[in-house]
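Undergrad: Line by line, the protein sequences give chains A and B.
Quick note on our numbering: the first sequence kicks off at 1 and runs consecutively.
Quick note on our numbering: the second sequence kicks off at 1 and runs consecutively.
Among the hints, erroneous ones may be present.
Claimed, not checked - Label pairs and their in silico Cβ distance ranges:
(1) B:E414 to A:F46: 21 to 27 angstroms
(2) A:N62 to B:G23: 52 to 58 angstroms
(3) A:L61 to B:G195: 42 to 48 angstroms
(4) B:A146 to A:I235: 55 to 61 angstroms
It should be emphasised that the hints constitute simulated quantities derived from the structure, not laboratory data.
Virtual Cβ for every residue (Gly too), placed ideally from N, Cα, C.
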Amino acid sequence: MTVTAKRPPEFKPHNERKRAETIAAYVFMSPAMAIFLIFLIIPIVFAIVISMTNWNGITPLNQRPANASSTVIFENQTGQSVTLPAGTIISNGEDEPRRYQLTQELIVPAGSGATIEGAVEAVEPGRRSNVRRGQLDTLEDGALAALVTVENPISIENGLDPAFEFVGGQNYSKLLAEGGIRQTDFFTALKNTLYFVLGVVPVQTVLALVLAVIVNQRWLKGKGFFRTAFYFPSITSSVVISIIFMWMFTQDGIVNTIFKAIFPDYKSVTWLDDSNGLFHNILGLFGVSRQTVGDWAGTRLAGITLWDWLSGPSVTMMTIMILNTWTTIGTLMVIYLAALQNIPGSVYEASSIDGATGWQQFKWITVPLLAPTTFFVLTIGLIGTFQVFDQIFIISSGGPAKTTLTIAYIVYNNGFNNSEMGVAAATALLLFVIIFAFTMLQRRISRETANA
Amino acid sequence: MFKRFALLLVMLSLALPVLAQDGINITVAGWSSNPAEDAALTARLEAFMEANPGITVEFVPSTDHTVTMQTAFASGIYPEVFYIDSSRLPDWATAGVVSIGDEQIENPEGFYPPLLDVFTYEGDLYCPPKDFSTMALQYNKDLFDAAELDYPTADWTWDDLYAAAEALTDEEAGVIGLVTPPNLERWLPFLYQNGGAIFNEDGEFVMNDELAIEALDFYISFARDGIGGTPSAVDSGWGGEAFGRGRAAMAMEGNWAIQFLLDNYPELNWGVAELPAGPAGKATMAFTVCYGVAANAEGEVADAAWQVVNFLTNDEGAASVASVSFGPMPTRPSASEDYLANWEARTEGSGVNFEDFGAYIVGGEYSYPWRLPVGFQPFSDAFNASLQRAFDGQATAEDILTEAQGIAEELMSE
Chain A
1 MTVTAKRPPE FKPHNERKRA ETIAAYVFMS PAMAIFLIFL IIPIVFAIVI SMTNWNGITP
61 LNQRPANASS TVIFENQTGQ SVTLPAGTII SNGEDEPRRY QLTQELIVPA GSGATIEGAV
121 EAVEPGRRSN VRRGQLDTLE DGALAALVTV ENPISIENGL DPAFEFVGGQ NYSKLLAEGG
181 IRQTDFFTAL KNTLYFVLGV VPVQTVLALV LAVIVNQRWL KGKGFFRTAF YFPSITSSVV
241 ISIIFMWMFT QDGIVNTIFK AIFPDYKSVT WLDDSNGLFH NILGLFGVSR QTVGDWAGTR
301 LAGITLWDWL SGPSVTMMTI MILNTWTTIG TLMVIYLAAL QNIPGSVYEA SSIDGATGWQ
361 QFKWITVPLL APTTFFVLTI GLIGTFQVFD QIFIISSGGP AKTTLTIAYI VYNNGFNNSE
421 MGVAAATALL LFVIIFAFTM LQRRISRETA NA
Chain B
1 MFKRFALLLV MLSLALPVLA QDGINITVAG WSSNPAEDAA LTARLEAFME ANPGITVEFV
61 PSTDHTVTMQ TAFASGIYPE VFYIDSSRLP DWATAGVVSI GDEQIENPEG FYPPLLDVFT
121 YEGDLYCPPK DFSTMALQYN KDLFDAAELD YPTADWTWDD LYAAAEALTD EEAGVIGLVT
181 PPNLERWLPF LYQNGGAIFN EDGEFVMNDE LAIEALDFYI SFARDGIGGT PSAVDSGWGG
241 EAFGRGRAAM AMEGNWAIQF LLDNYPELNW GVAELPAGPA GKATMAFTVC YGVAANAEGE
301 VADAAWQVVN FLTNDEGAAS VASVSFGPMP TRPSASEDYL ANWEARTEGS GVNFEDFGAY
361 IVGGEYSYPW RLPVGFQPFS DAFNASLQRA FDGQATAEDI LTEAQGIAEE LMSE
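Generate the whole structure from the sequences, applying the supplied hints.
TA: Structure follows, in structure tokens:
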């Protein structure tokens with residue numbers, strides 16, 4: 001009697017079922033994956049490629065390259081067939097870059113409209129030439145002058161250069177190292193953005209927490225009203241809010257009017273057109289200025305003087321910072337509010353039995369229990385502020401004197417105003433690296449504080 | 001299966017009318033400056049379609065033309081006809097998206113020569129000018145009367161301008177004498193009036209010589225001495241608004257300000273004079289736009305596009321611009337009388353005499369077009385930022401021009 005170990009009969013079907021489930025899972029996932037691929041992965045790869053080219057963002061990417069075969073139409077009115085050797089230069093007289101040469105020997109029969117394809121290439125393909133329907137009127141070889149005169153036009157079609165060339169890391173080095181205008185702009189934007197982030201993120205986080213705690217109080221009447229009121233700026237269009245702020249902060253706007261009513265000696269501040277930095281202004285109160293601090297302030301770091309690095313946000317930037325804080329507080333408050341309502345009431349009850357005061361409860365219960373939420377709020381705050389664009393675009397366009405130029409804004413500016421899409425893509429990727437680094441740093445700090 | 005097939009058929013048949021439209025379709029892409037102008041353009045295009053059956057033309061304005069066009073260019077599918085601002089031509093021509101119009105443009109000799117020059121790039125004429133504006137001096141008659149000053153005339157000099165601005169400034173009332181926007185193109189007339197230039201004949205950068213420093217220092221002096229300033233310093237978005245609100249007694253704006261001032265400040269009592277002459281004579285800036293034809297238009301589509309463009313810019317087209325203009329002038333001298341006549345009726349009852357607008361037309365003769373070389377946008381951005389700093393007292397004319405020279409040389413070497 002032998003006992004043969006048999007595989008359990010249900011084993012294989014189970015495995016098969018598992019595979020079928022896996023396939024089903026992928027099928028269900030596929031729409032999301034397709035969207036992810038089309039709208040995220042492909043654009044990111046494209047941006048990385050573009051950042052290593054000199055593409056101007058204008059020339060169509062599918063434009064035929066210059067050395068692609070072109071069509072030449074000869075009109076030979078000499079009455080006899082003429083042989084043109086390969087390498088014959090065709091030009092329109094004055095313009096050097098517009099020269100073409102024959103790639104092969106051509107026999108042009110007598111008569112008009114002899115069309116020969118694939119016969120020419122640009123002499124200097126590195127330069128963009130734009131002859132498409134233009135007419136060339138001279139052959140450089142003197143012997144052939146009789147063949148091509150103004151009456152015998154030659155037209156070359158599709159003789160265009162490629163949309164871009166690969167330049168390797170040149171765009172990055174322009175932005176980071178070469179000491180030119182792009183480097184200065186990039187670091188000016190970095191400086192402004194850092195001041196913006198350091199000003200906005202802590203303030204909006206603290207205020208959001210305080211507001212959330214207040215509107216979470218049982219004794220508060222009209223909670224619904226306050227919650228709506230605080231959340232309102234977040235759901236209103238950023239453009240509308242920005243324009244309202246512009247009105248409020250004009251020289252004879254409501255802000256200055258209120259200040260004037262309180263302080264009769266107040267001299268109106270031009271909030272939206274003041275390039276003086278906050279720290280410079282404060283130092284100025286103590287009589288410290290660029291002239292009095294000594295020569296060290298003139299030392300340049302990444303194209304910007306140390307004195308300018310220490311300017312602090314300009315008055316205009318501060319106005320935008322206030323606006324940005326005000327509009328984001330609502331969203332962050334809602335996140336805190338949700339987290340607050342997840343803290344069990346029993347914890348507070350137990351602590352009050354132990355005799356904890358309201359402030360002690362806030363400090364030792366609310367804040368620690370909200371730590372994961374605070375991490376989340378700080379992270380989205382960091383990412384959001386590093387990418388600030390719309391309010392800058394509407395209110396100041398980077399001015400006055402480039403003090404509200406942010407990194408996201410110079411991405412746009414390089415791409416669309418300066419026609420340097422390669423530099424713009426490189427800037428965008430650098431912004432990604434910066435945000436990534438700061439988020440990692442913040443993660444580490446949060447973890448360490450949590451462990452301590 | 002059949003159901004899905006049927007659905008596909010239905011969707012295809014919905015798409016068909018678009019695909020199967022007969023004849024040639026031409027899209028004219030631009031921006032909308034004024035509803036009256038849009039209506040006039042549309043009417044002109046309708047006249048074209050009547051005369052040319054088989055060609056359909058549509059005007060499609062966008063709010064941010066440059067960005068809209070750039071994304072369209074990059075995709076390789078873009079409108080057959082589009083507006084090109086003179087300052088954008090070098091970039092777009094170099095990118096190879098604009099057709100050369102040497103052979104196609106009708107009667108090019110009939111345009112103002114400076115306007116043809118600005119749309120000629122590396123020896124080729126690209127596109128016919130649509131309309132143009134020149135800078136002139138707008139002055140507030142009431143403020144001049146209050147200060148007991150004579151109105152500006154065509155033979156004013158820099159000293160006259162400065163003295164008037166000084167006399168007109170009223171710090172109590174928040175009125176500055178002259179509004180001076182911190183923009184390169186607003187200062188350039190002073191550079192040319194002083195005999196300076198951005199580049200000399202050999203193409204070398206000379207905008208840092210004595211002439212330039214003197215001219216820039218003069219421009220900065222208004223803000224520095226508290227008798228001028230930026231539009232935002234007097235709570236305005238631009239010079240025309242500052243002038244219209246009476247916060248600036250004088251402004252150097254172009255024709256675009258006319259309709260704006262008439263519409264928004266009907267009570268304003270104002271006049272227009274030529275820009276004052278500098279040590280080296282008269283100069284002003286011309287701002288102009290042309291109708292470009294797409295480089296990827298071929299065959300009969302290209303021919304139709306050129307037909308449209310010529311229809312809009314020939315003598316008759318210029319006359320039609322003149323008769324409905326909300327500001328910009330026709331690009332052919334043949335229509336300049338129509339232009340003034342058009343304003344006669346429209347300025348009736350307002351505080352301005354239409355004959356003053358002759359200052360804009362005269363300016364066309366000694367104007368310099370606004371155009372910088374390819375890739376020079378960072379140059380003007382940096383100049384404008386430094387000019388703002390100079391207004392705030394943080395930089396001098398010499399600082400700005402030394403910096404400008406460095407940037408120009410960097411950009412030229414690329």
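Undergrad: Evaluate each hint against the coordinates.
TA: Do the hints match the structure? See the list:
no. : hint                                 : in the structure
1   : B:E414 to A:F46: 21 to 27 angstroms  : 24 angstroms, holds
2   : A:N62 to B:G23: 52 to 58 angstroms   : 26 angstroms, violated
3   : A:L61 to B:G195: 42 to 48 angstroms  : 45 angstroms, holds
4   : B:A146 to A:I235: 55 to 61 angstroms : 49 angstroms, violated
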